[in-house]
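S.K.: Sequence:
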Amino acid sequence: MSIGKNKLIKIFDGIISYILIITTISIAWILFRILNRTKIYGLENIPHKKNLLLLPNHLTMIDSFLVGTSAFYPEVITKPWLIPWSPAAEENFFNNPFLAWLSAKWKAIPVKRGRKDLEVLNRMIEILPEGTMINFPEGTRSRTGKLGNGRPGVGKLIYDAKPTVIPARIYGMDKVLPIGSYFPRIFKKISVVFGKPIDFSSFYSLPDEKETWLSISKKVMESIAELRPEEKHREFSVKASEERNF
Numbered sequence: 001m002s003i004g005k006n007k008l009i010k011i012f013d014g015i016i017s018y019i020l021i022i023t024t025i026s027i028a029w030i031l032f033r034i035l036n037r038t039k040i041y042g043l044e045n046i047p048h049k050k051n052l053l054l055l056p057n058h059l060t061m062i063d064s065f066l067v068g069t070s071a072f073y074p075e076v077i078t079k080p081w082l083i084p085w086s087p088a089a090e091e092n093f094f095n096n097p098f099l100a101w102l103s104a105k106w107k108a109i110p111v112k113r114g115r116k117d118l119e120v121l122n123r124m125i126e127i128l129p130e131g132t133m134i135n136f137p138e139g140t141r142s143r144t145g146k147l148g149n150g151r152p153g154v155g156k157l158i159y160d161a162k163p164t165v166i167p168a169r170i171y172g173m174d175k176v177l178p179i180g181s182y183f184p185r186i187f188k189k190i191s192v193v194f195g196k197p198i199d200f201s202s203f204y205s206l207p208d209e210k211e212t213w214l215s216i217s218k219k220v221m222e223s224i225a226e227l228r229p230e231e232k233h234r235e236f237s238v239k240a241s242e243e244r245n246f
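Just so it is clear: in the sequence shown, position 37 is 37 by the UniProt record's numbering, and no numbers are missing.
Rather than coming from a laboratory, the hints here were simulated on the basis of the structure.
Be aware that a few hints might be false.
[Said to hold, decoys possible] In silico lysine-lysine, DSS-like type, Cα no more than 27 Å apart, as pairs: (1) K5 / K49; (2) K112 / K79; (3) K79 / K219; (4) K7 / K50; (5) K210 / K175; (6) K5 / K112; (7) K162 / K112; (8) K5 / K50; (9) K79 / K175; (10) K189 / K162; (11) K175 / K116; (12) K162 / K219; (13) K79 / K50; (14) K218 / K116; (15) K116 / K146; (16) K162 / K7; (17) K105 / K146; (18) K116 / K79; (19) K196 / K107; (20) K105 / K5; (21) K10 / K107; (22) K219 / K116.
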């Protein structure tokens with residue numbers, strides 16, 4: 001009897017999670033593509049498959065929502081496994097019971113900023129092959145808009161999970177939600193550029209050590225630095241088949 005009850009609870013919890021995530025994604029879509037003008041480049045570079053890792057630069061606390069909706073909406077409605085996992089600062093997204101519950105439903109992974117958390121890293125390595133993930137290789141938001149250095153953790157994640165890695169670069173989000181602001185601004189211009197998959201095959205034969213992980217993360221940041229909206233990426237638009245401005 002208890003087994004059947006637990007199964008029903010699990011099914012109900014899954015339904016609630018799905019509804020909550022789709023509602024949140026839809027709200028994010030409205031914020032980024034209607035209330036603000038978002039241009040997306042390079043969507044053709046993103047395969048819809050498991051063990052997929054999107055690595056953008058980091059400007060605001062809501063970057064993962066922008067990247068997730070840009071990459072997977074509306075396909076995620078019928079393919080919920082595309083909903084990406086994403087690390088989130090524990091002090092921002094898990095600082096009270098209700099927000100912690102919401103964040104868990106959003107597939108956020110609590111991370112203690114400034115600490116080396118091997119347990120969290122091992123969890124990411126374990127779950128990435130079963131789905132998709134957004135990770136910020138810099139490990140923290142940029143206060144100047146400039147790219148920082150990649151952390152060794154993302155290199156270790158790539159080394160162990162061997163995912164398909166898509167670099168991404170965000171422009172303009174610092175105007176939408178400046179550091180210190182709690183409410184997003186509207187009528188701003190945003191660009192999201194997705195690059196081609198990065199080939200790390202030459203790194204996998206190297207020793208499993210920090211130097212190798214740093215070399216991998218350095219290549220990630222170099223790939224992100226090369227991404228520009230003006231490059232020859234296909235731009236998607238709702239107004240025309242060749243160009244769509246959101």
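S.K.: All hints are to be evaluated individually against the structure, with a verdict given for each.
M.R.: For each hint, the structure was consulted:
As the CA atoms of K5 and K49 are separated by approximately 33 Å, the hinted pair breaks the 27 Å bound. A hinted pair counts as satisfied when its Cα atoms are at most 27 Å apart, and K112 with K79 does not qualify at roughly 30 Å. Annotation: proposed proximity of K79 to K219 is violated, straight-line Cα distance about 31 Å (limit 27 Å). Simply put, K7 and K50 have alpha-carbon atoms about 26 Å apart, close enough for the 27 Å limit, and the pair holds.
Of the pairs offered as hints, the one joining K210 and K175 is violated, with about 35 Å between alpha carbons and a cut-off of 27 Å exceeded. With a CA separation close to 35 Å, the supplied pair K5 and K112 exceeds the 27 Å bound. Between K162 and K112 the CA atoms are separated by roughly 25 Å; this keeps the pair inside 27 Å, and the hint holds. Restraint check for K5 and K50: the C-alpha separation of about 31 Å exceeds 27 Å, so the hint is violated.
Straight-line distance between C-alpha atoms of K79 and K175 comes to about 32 Å, which puts the hinted pair past the 27 Å bound. Among the hinted pairs, K189 with K162 is inconsistent with the structure: their alpha-carbon atoms are about 34 Å apart, more than 27 Å. For the given pair, K175 sits about 31 Å from K116 by alpha-carbon distance, which is inconsistent with the 27 Å threshold. For the hint pairing K162 with K219, the CA-to-CA distance comes to about 15 Å; that is within 27 Å, so the pair holds.
A distance of roughly 11 Å separates the Cα atoms of K79 and K50; the hinted pair therefore holds under the 27 Å criterion. For a cut-off of 27 Å, the pair hint linking K218 to K116 stands: about 19 Å separates their Cα positions. Of the supplied pair hints, the one linking K116 and K146 holds, its CA atoms being roughly 24 Å apart against a limit of 27 Å. In summary, the hint linking K162 to K7 is not supported, as the alpha carbons are separated by about 33 Å, beyond the 27 Å threshold.
As the CA atoms of K105 and K146 are separated by approximately 31 Å, the hinted pair breaks the 27 Å bound. For the suggested pair K116 and K79, the alpha carbons sit about 33 Å apart, so the restraint of at most 27 Å is broken. Proposed proximity of K196 and K107 is supported: the alpha carbons are some 25 Å apart, at most 27 Å. Distance hint between K105 and K5 is fulfilled; the C-alpha atoms sit about 21 Å from each other, no more than 27 Å.
Annotation: proposed proximity of K10 to K107 holds, straight-line Cα distance about 16 Å (limit 27 Å). For the given pair, K219 sits about 21 Å from K116 by alpha-carbon distance, which is consistent with the 27 Å threshold.
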